[in-house]
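Top line first, the protein sequences correspond to chains A and B. One gets the working numbering by counting positions in the first sequence from 1 and adding 135 to each. One gets the working numbering by counting positions in the second sequence from 1 and adding 7 to each.
These aren't lab readings, by the way, just hints derived from the structure by calculation. One thing to keep in mind: the hints can contain errors.
Cβ-to-Cβ under 7 Å is the rule here; a few derived chain B residues that face chain A [what the hints assert, rightly or not]: (1) PRO37; (2) THR38; (3) ALA62; (4) PRO94; (5) ALA101; (6) LEU107; (7) PRO202.
Quick look at which bits of chain B chain A covers, simulated, 3 or more residues with Cβ under 8 Å [said to hold, decoys possible]: (8) 74 to 85; (9) 210 to 217.
If you only want the chain B side, here are some residues facing chain A, beta carbon under 7 Å, derived [claimed, not checked]: (10) HIS63; (11) ILE93; (12) SER95; (13) ARG104; (14) SER194; (15) ALA196; (16) ALA199; (17) PRO256; (18) PRO257.
The structure displayed is predicted, hence computed values, not measured ones. Beta carbons: idealized from backbone N, C-alpha and C, even for Gly.
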Amino acid sequence: MIDRRRFIATGASGLLLSGCDRLNNSPEFRGVLRSAEKLTMASQRLISPRDALAREYSEADLSPIFRSNGTRVPGTPEYTQHAAEQFANWWLQVDGLVARPLSIPLATLRTLPHKTQITRHDCVEGWSAIGKWHGVQLWRILEHAGLSTRAKYIVFHCADRFGDKPYYESIDLVDALHPQTLIAWGLNGHFLPIPNGAPLRLRVERQLGYKQAKYIQRIEAVDSLAGIQGGKGGYWEDNVDYEWYAGI
Amino acid sequence: MDDEPVIDEPIEEVPPPPPPRRIAYRHRLPTRLWHWLNAITVFVMLMSGMMIFNAHPHLYWGQYGANFDHPWLSFHGRPMPGWATIPSTYNLAAARRWHLAFAWLLTVPLLLFLITSVLNRHAHRDLAPTRDEVKPSHIWHDIQEHARLRFPTGDAALRYNVLQKLSYVGVIFALLPLMVLTGLAMSPAMDAAWPWLLDLFGGRQSARSIHFICAALLLGFILVHLTMVLLAGPINEIGSMITGRFSVPPERSGDG
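Pulled out of the complex, with its shape left as it was, chain B reads as follows (with noise of 0.2 Å):
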């Protein structure tokens, strides 16, 4: 090992190219960890959800619910295709280890962020859309612009649009909870510690019914999002994710 003092020599500064973009640091480390663990964790919900389905593919409301009772969703066979479903052959009792297991993966990040983003103020600053973003005529505005592909340029495009604000809070703070606490008011062990699980559902097959709702819309988004980043650049979009660094596009010009 050489222990020869570093000498500062002058070093002639080459000034670089001008960026053809602004580069912003639009997501923390959390962010992006949090991103990456729930694409894996909620896919392997999802999949090996739809082989636990499988197993009854009925739902009913109320408290109750079984072959010889009315389902208001029911199907023949095992609706659900082997290449949805993990493992793709059938096998409750292994989709049952998995879910469960990433059960605690999709909860306890879920938790932290959910505490962490309000106490440090990223879910007011950057999540919650403010007063006037929930205008109709806003709102409107943001869909008429969606639906024109014209996404926003500028320091627009380093905040969350209204859309994207709803979105991301529902998802975060209604459809994921939702997810949890559904699922946890299925356990019969969780219903008789916290027996308000089986009132705020109206029963454990109500409860089972609004989780396989809560999966359908979750899968929604998901399907919405991957076509948004798509639309708006999947390079920058999913290298933003990876990095935190977001190459912002220039403005408009000529824009009203």
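Isolated chain A (complex conformation) (with noise of 0.2 Å):
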């Protein structure tokens, strides 16, 4: 009798589960789902001001050790020889939908007036860090450059790989435009070390982990996302269905 329950329990519980994993590999049904992101950005853009700020901490807040994760040493020979340089050879570009595309070296790019903020990092994961950054606000990088009207993205093209594939991430104007949305090349009072992105990373303080891009090369201004890469605008959105926007 007891057999007999259990064989149903787990029956059961087997049928609403393998219903789940069909439900979840139908490209029907994760339309559907993928439609809540949509849903989601738009909602949270309606109740933010655009530019609500990332709460800020102070430096009792700050977490002992930050964390690191996805690619912690890039291991190209291309940026293993800039490292061994402490990248005094690293020049960032900036090109795409902009008037005037510029290619800035390293130490340019530290000297040029620069925002200091202590902000929470949030893993998709679920875990969060908290760390003090210096960059410089990609509006001003981009005002510079002399960004385009037909510019609807800004993608962040990076060193690292992950098996034959570049890691890229890609925010909208909204982010980009944001004062806390920077070009950081310190953390907690040091140049970045390479573990978290030496020696240019992404902040944008409103979106998950996987937006900051690290070992940052090239900013590139684009009206539409189809024709990088996997054209899902980030390595991780192309390669796991990642939500391009990653606000919660």
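Join the two chains into one complex using the hints; note that each chain is given alone, in its own frame.
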């Protein structure tokens, strides 16, 4: 009797689960689930003032150790060479839909007016770490380059690779022009450590960790994400179906 | 099509046999729809939530918390078994898609229920315990009756007893709103839009911990709820939540 009950219970939960897994593998159902991302983004944007600031913390709130995630050391020969030279020959390219494409040496970038902010980094996995970031506000760089009115997205091309695929990320102009969005070169009073994205990384404080592209070499302004890599606006978006809008 | 006028023929009335039990209309249609929507939604939220928990099965108090910090609850590996998660194998991206889509199905109807049940006084009439019911002696009596599996009969069976009222009010007005608010407090964009969320819960990691605790309480409620349905007569109870009609258990004789 008990065996039969257990059999039925296991069977029922098995059916339920295989049903969920089947739904999960159905492109139509995933499409329905995916539409929630647009609803969430539209709703969050609706209730957020354009320049609503992420909370800034005090020195007392800093995580004792700021953990890293994703790529900890980009192993490419080019990057290894850069790291050996302490990034003396690292340049930041700014191109795409801009009036004046730029090529900024790292040393020059570090002398530009910078902003320091103590903010919380929220990983998609659930953990959070608070760090003090130093960097140039992205809007200053884009203004200097003369961002075209046709530009809708800013794409960040990175030096790290997952297998044969380069890491990249993208944000729209609401986040790109936000006052807390930085091209950061420092963490907690020092130049960025390699696990945290040396020498340049993105801080886009109203989104999750995987949007905070590290090892940035090139910033590209585009009007569509369709032609870039997998077309979904980022490495994780292309390869494992993470949301492009990572505000939640 | 025949368009003949309908003639009222006198139909011989056969008196129906007296019903063995009184049938009462107990649950209105919106309540029933909401109940079954939640039955699906809450299970999807719990199961996809458990998959998400597997990505970082450590809980902290405060603003921050990661591997080098001190968790108050920590598991090795991936503690939630595949039969309890959506999807059944590790997939953070898919679990988030499910969780963040069904969150809408949980939140919007919940908000509508909270507002309408207060406005049409359903909350006050049927859910809020009366002053007499919250007396310790009354609650203690109800606990004893439950422990003896003596459930209310007659008219009393049409009203919720105080333990039901307290658990339903607790789930609808406290636990579910807390799930939603702590969920929102984990969103970096929401924290920028509504910074009070962080102050309300004492930080994002505290909110995440409370989210988990509320989920466990909700699971506890579901287990007790299902047990009570089975003990109280599953066919009548489930049937009344489908059709709205509840067959009233006849008054016990000699009931003090």
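Results for each hint:
Below 7 Å, beta-carbon pairs count as interface contacts, and PRO37(B) has none with chain A, the closest being about 23 Å; its hint is therefore violated. Restraint check, THR38(B) versus chain A: the minimum CB separation of about 25 Å is more than 7 Å; hint violated. For ALA62(B), the interface hint holds, the least distance from its beta-carbon to any beta-carbon of chain A being 4 Å, beneath 7 Å. Interface restraint check for PRO94(B): the shortest CB-CB distance to chain A comes to about 5 Å, inside 7 Å, so the restraint holds.
The beta carbon of ALA101(B) is positioned within 7 Å of a beta carbon in chain A (closest approach about 6 Å), and the interface hint is therefore held. For LEU107(B), the interface hint holds, the least distance from its beta-carbon to any beta-carbon of chain A being 6 Å, beneath 7 Å. Using the Cβ-Cβ criterion of 7 Å, the hint placing PRO202(B) at the interface with chain A is satisfied: the shortest such distance is roughly 6 Å. Check on the region 74 to 85 of chain B: 3 of its residues sit with their Cβ under 8 Å from a Cβ of chain A, so the three-residue criterion for coverage holds.
Given a C-beta distance limit of less than 8 Å, the hint that chain A covers the region 210 to 217 of chain B holds, as 3 residues qualify and 3 suffice. Checking HIS63(B) against chain A: minimum C-beta separation of about 4 Å stays under 7 Å; hint holds. Here the hint on ILE93(B) is kept, as its CB sits about 5 Å from the closest CB of chain A, short of 7 Å. At its closest, the beta carbon of SER95(B) sits 5 Å from a beta carbon of chain A; the interface hint therefore holds under the 7 Å criterion.
This hint holds: ARG104(B) has a C-beta 4 Å from the nearest C-beta of chain A, less than the 7 Å allowed. For SER194(B), the interface hint holds, since its Cβ comes within 7 Å of a Cβ in chain A; the closest pair sits about 4 Å apart. Of the supplied interface hints, the one on ALA196(B) holds, with its beta-carbon coming within about 3 Å of a beta-carbon of chain A, less than 7 Å. Because the smallest distance between the Cβ of ALA199(B) and any Cβ of chain A comes to about 4 Å, under 7 Å, the interface hint for this residue holds.
Look at PRO256(B): its Cβ only gets to about 26 Å from chain A, farther than 7 Å, so that hint breaks. For PRO257(B), the interface hint is violated, the least distance from its beta-carbon to any beta-carbon of chain A being 31 Å, above 7 Å.
Figure legend: structure checked against the earlier numbered hints; hints not met, in rising order: 1, 2, 17, 18.
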